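Residue numbers (the working numbering), protein chains in the order written: chain A, 1 to 491; chain B, 492 to 560.
Heads up, some of the hints might be wrong.
Claimed, not checked - Here are a few chain B residues that face chain A, going by a calculated C-beta distance under 8 Å: (1) N499; (2) A503; (3) C509; (4) W515; (5) Y518; (6) L521; (7) P527; (8) T535; (9) T546; (10) F547.
No lab work stands behind these hints: they were computed from the structure.
These figures come from a predicted structure and were not determined experimentally.
Idealized CB from N, CA, C, for every residue including glycine.
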Amino acid sequence: MPSSYVVLSVSLAYLVASLVIGMWPGRKASGTAEGYVAGDRSLGLVLMYFITGATIFSAFAFLGGPGWAYSRGAAAFYILGYGALGFVPFYFLGPRAARVGRAYGFVTQAEMVAERFRMPAIAGVMAVVSVIAFVPYLALQMKGAGYVLSAVTRGGIPEWAGAALVYGVVLAYVLRSGVLGVGWTNTFQGIFMMALAWGLGLYLPHRLYGGVGEMFRRIAVERPELLKAPGLAYDGSPWNWGDYSTAVIVSIIGFSFWPHLFMKAFTSRDERTLRRTVVLYPTFQIFLVPLFLIGFCGVLFASAPDKPDQILPHMLMNMEIPALLVGLFCAGALAASMSSGDAMAHAASSIAIRDGVVRALGATPDPHRQRTLIRWTVVAVMVASYVVAVIYQGSLVFLLLSAYGAVVQFAPGVTACLFSRRATGEGVLTGLLVGSAVTVLFVAYPELKPWPVHAGIYGLVPNLVTLILVSAFRRSGDPEKDEAFLSVASG
Amino acid sequence: MSVLSPRNLLFALYVVVCAFALTWPGYDLLGNRLEPFVFGLPFTLAWNVGWVLATFMVLLLYHSTRPRV
């Protein structure tokens, strides 16, 4: 069993490094909301690549990815499958959003949609959905961080203390440096995670089975059902192709509209940088492969963890391996948790203030005051998520799936905002509400679904139909403004 | 610059083929088997990795051939 002191020292050293890197850029951004939220629209390719890539590789990917491969086998491949095309819509949406963002001063997705349709209520609804989506997500990241620190110290650090320690660091650099702090730490954390995932992903199969090929040969003999798509469902029964395929499709459609991801269109220095970020994005996806390898290592491991997500720490703690390596793994898992958590805390607060308070409620604080408000909201969001992480005993996954289902419903409205002359605010808003309601219904009561199809698809269809129908009956109040907006968008 | 330029149509065709290959029935018919192993990975996993890499190449090509205004 590895020494707790070495493990802990490595993790703490890592936290200090993240803190230093995250605090440094704070002095360079302007003291306005635009500086804090969008980095004064100055980010280059390296920061954009890691900010979009590392943001997605959360504690979910680092612990959940191996957990899925371990317990559900080929079902996990769907993450890789949607990742291939998931960012492609952004190649077309991103530059348009960036152009109108620059011209009109937008820093969030919802304020763009609300301005185009001159309907603040849209921003309000999107803000509420986004914040509801982010709090459980952030709580999951905190739980992940707390869990890892607790596991590698064999309970020496309780989960609540571990989560508080790690997210104290995140709070410090997000407060001070805004999106630039998030960007620089994500670059550091992204490189660290990749190195570590590949290191462990190749080392563990070699150590336990004598190589990656040998490991899969043994699994193919002893647990062949795991290697046959679409893999297994949560309860271990075979999963079905309907759910697998529509999970891929709905993720490809909805992925780009995650608010913390979409708003990065407003941070990029220019269109070329934005497009290159999308082009390079699939290279980040390859990083899932070693995480799957780690999970498959657990399939024939001598003992089993309590929960599938614990497979990686479980194996590390039950093998004779150097404490330094366990410490590095711990730091890597913290990196994954922090690099998503920081972006979410930052996005949720920016959205709550810019879309909720300024846009929907019509308050008009000056840019410096806005930045102050956003910072206070960062504290509030972090505290709320921490309370959820430590106290709430219900299913976070349910909250998360509902929220993600609702976020997918942004897709038709945001696309219409940037491309369609005919869409109207009434159409977008009713579509969004109808789509979200249907999705949440089927997430809550999956047994009502007529076919095994992802809940998000059930929402998207009525969403789109409503958008088109309502828009057809309600003409836009001001076609000239729409025309001006779209001509800015197309450049 | 037309939306329906050959470049855009080819790209759209790729997206459709890729989505077909990664879901039912394309994935089940063409990619869902163990053999041959590719760099130690069973074919079904290598299939997904291959499409991620292919998308990267296609995006690179699509991006580098964009019309300059």
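Hints, one by one, checked against the model:
no. : hint : verdict
1   : N499 : violated, 10 Å
2   : A503 : violated, 10 Å
3   : C509 : holds, 6 Å
4   : W515 : holds, 4 Å
5   : Y518 : holds, 6 Å
6   : L521 : violated, 11 Å
7   : P527 : violated, 11 Å
8   : T535 : holds, 6 Å
9   : T546 : holds, 5 Å
10  : F547 : holds, 4 Å
Violated hints for the displayed structure, listed by number in ascending order: 1, 2, 6, 7.
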